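Peer 1: These are the residues of each chain, in order.
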Amino acid sequence: MMNKKTSIAAAIAVALLASVPLFGSDVVVQFGIDALSMATLAQAWNLMGGFTGYPSFGNSVFYGLGAYGTAIAMTKFGMPFGVGLAAGVAAATSCAALVGLPILRLRGPYFAIATLGVNGAMAEIVSNLRIAGADVGLVLPLTRNDASFYELSLALLVFCTGCVAWAATSRFGMGLVAIREDEAAASTMGVNATLYKVAAFVLAAAFTAVAGGIHAYWSTFIDPASAFDSTLNVRMVIMCVFGGPGTVFGPVVGSFILSAIYEVLAAQISTAAALLFGVVIVVAVIFMPKGLADLVQQAPGVGWRYFVRNIRENGI
Amino acid sequence: MSATAHPVPVVQALGLTKRFQGLVSVDGVSFSIAANEILGLIGPNGAGKTTLVNMIGGTIAPSAGELLFEGKPITDAPVHRRAHAGIGRTFQVMKPFPGMTALENVTVGALFGRDGGLKDMGKAREAARGWLEFTGLGRRIDTRADELGGPDRKRLEFAKALALRPKLLLLDEVMAGLNPVEVDEVIELIKAVRGRGVALLVIEHVVKAIRRLSDRVMVLHHGQKIAEGDPASVLSDPRVVEAYLGKKRT
Ligand SMILES: Nc1ncnc2c1ncn2[C@@H]1O[C@H](COP(=O)(O)OP(=O)(O)OP(=O)(O)O)[C@@H](O)[C@H]1O
Ligand SMILES: [Mg+2]
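Heads up: the sequence lines are chains D and A, in that order. Each residue of the first sequence is one higher than the one before, counting from 14 in the numbering used here. Each residue of the second sequence is one higher than the one before, counting from 151 in the numbering used here.
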């Protein structure tokens, strides 16, 4: 799947992205940190929602646990950042395994609703925990070094995308896609569906938690509302689906583009930005419901008829 | 009677029963299939044939009874564990992986399957290619499953089940909807599979095929086994003719 050309293109893209802090302004680097983090979140969501076919609305729980694990370890126990991240990942992956076992039995909308419930419950629990600063939140030690945060976010995205690229061509990924395509048939072929789903959920949780931990340290402040933000999960879904769920690069490219569009809109017309952004999403869903990746693959052959066909198939 | 004269059957069912909300779909059915044997299973619509296959494959749990595979109890084993043990099946309502190509579909079976499968992607693909050739789908390797026509989907379903290298293969109406030429092809395929040492349970409404293939025939009616034995005598049994063949003709 990953041929030589794609690998070279990816390497060049990574090198270009890595050089941004050398010449980019503070604003650009800060935007970059957010965009890279968002792309990682979309990519992690892709593992469950794209490859395995389980649309999770609980990934914001893992983000929040990653953020809180890092913050608590650093502020309450004086641990270094790296240990904090590990604590966040430990919390998020245990949560994914514990919660995943029962709720991964549910399919489609039922799974989505259950994961949404977990997010609400976890926000409630944390806002009553004294060690987590209750509903006031936690203030992390200040280290304003945007360039390092940028490179760290880029490294995480590269690692996460590398894992997804490996999964896409491996036995593990084949099992996940088989589950998405027909879970009963997959089990009948010998795929241990429960194990595979939980493994994908745990892997997604790990990446999401690291992104949450990095963001907590960078923004130096977290509270339950911002750490367990279900609209963040909605953004993961939108970016992944816009780019191409179940593909290796779709979610990354998709979230870069959407982040950029949002940034431009917010700078030009701050008040109506959210509204216009919503319009962009709706138009994208109507004209290219299978995402950018499918557009890039199919449209060169059929041209504008690609959009007509999509609209027809959608019955609009 | 020595042990060698009666080796352990590949599969053995003891009083398998399935009740759906009080309605008995399979009612205390016992049978066994020996290695390399083809057991034909017939019965009118709703007789409980698919339910029986689902209990052997593990997609539904029996309400009562016991199931042994190569002498070991598997009544409560999860579906994937049965595949690892060597039980392969097709679905009457076919279950392809629609978005995957034919090759990818079959590769899943080779990659997982008996004893956990081949594990290696390259080897699995190679094996899958072989099974697609074997079932006559060699030219449709790169076609997406949801773009295959009916008969080709049947072949795909068959190839997927074979790719997991089953010791026991459960075929639920793989000939339904095929024309007589295609039926003959499938009969030859099934014989070739048996030639490789696989035990088969073959469900068919095509009586001619059952007669040609089966070493033994079992008849279900209202969930109960009403006859079992060699094809010629079972298919001429008055009760069978009345319950099944007679009805079929009207
Ligand atoms: N999941 C289910 N829930 C409730 N009833 C069911 C279920 N599955 C099967 N049944 C019932 O069990 C009975 C046996 O069905 P089954 O599908 O096993 O028959 P069959 O012999 O395979 O029929 P056919 O020849 O039409 O395929 C039917 O009355 C059917 O309605
Ligand atoms: Mg049936």
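Everything labelled a hint here was simulated from the structure, so no lab data went into it. Predicted, not measured: the structure shown is a model, and the values here were computed from it. Don't take each hint at face value.
Straight line, CA to CA, 20 Å or less: simulated EDC-like cross-link-like pairs of lysine to aspartate or glutamate [said to hold, decoys possible]:
#1 Lys273/A <-> Glu283/A
#2 Lys303/D <-> Asp296/A
#3 Lys303/D <-> Glu297/A
#4 Lys358/A <-> Asp387/A
#5 Lys341/A <-> Asp365/A
Peer 1: Hints broken by the structure, by number, lowest first?
Peer 2: none
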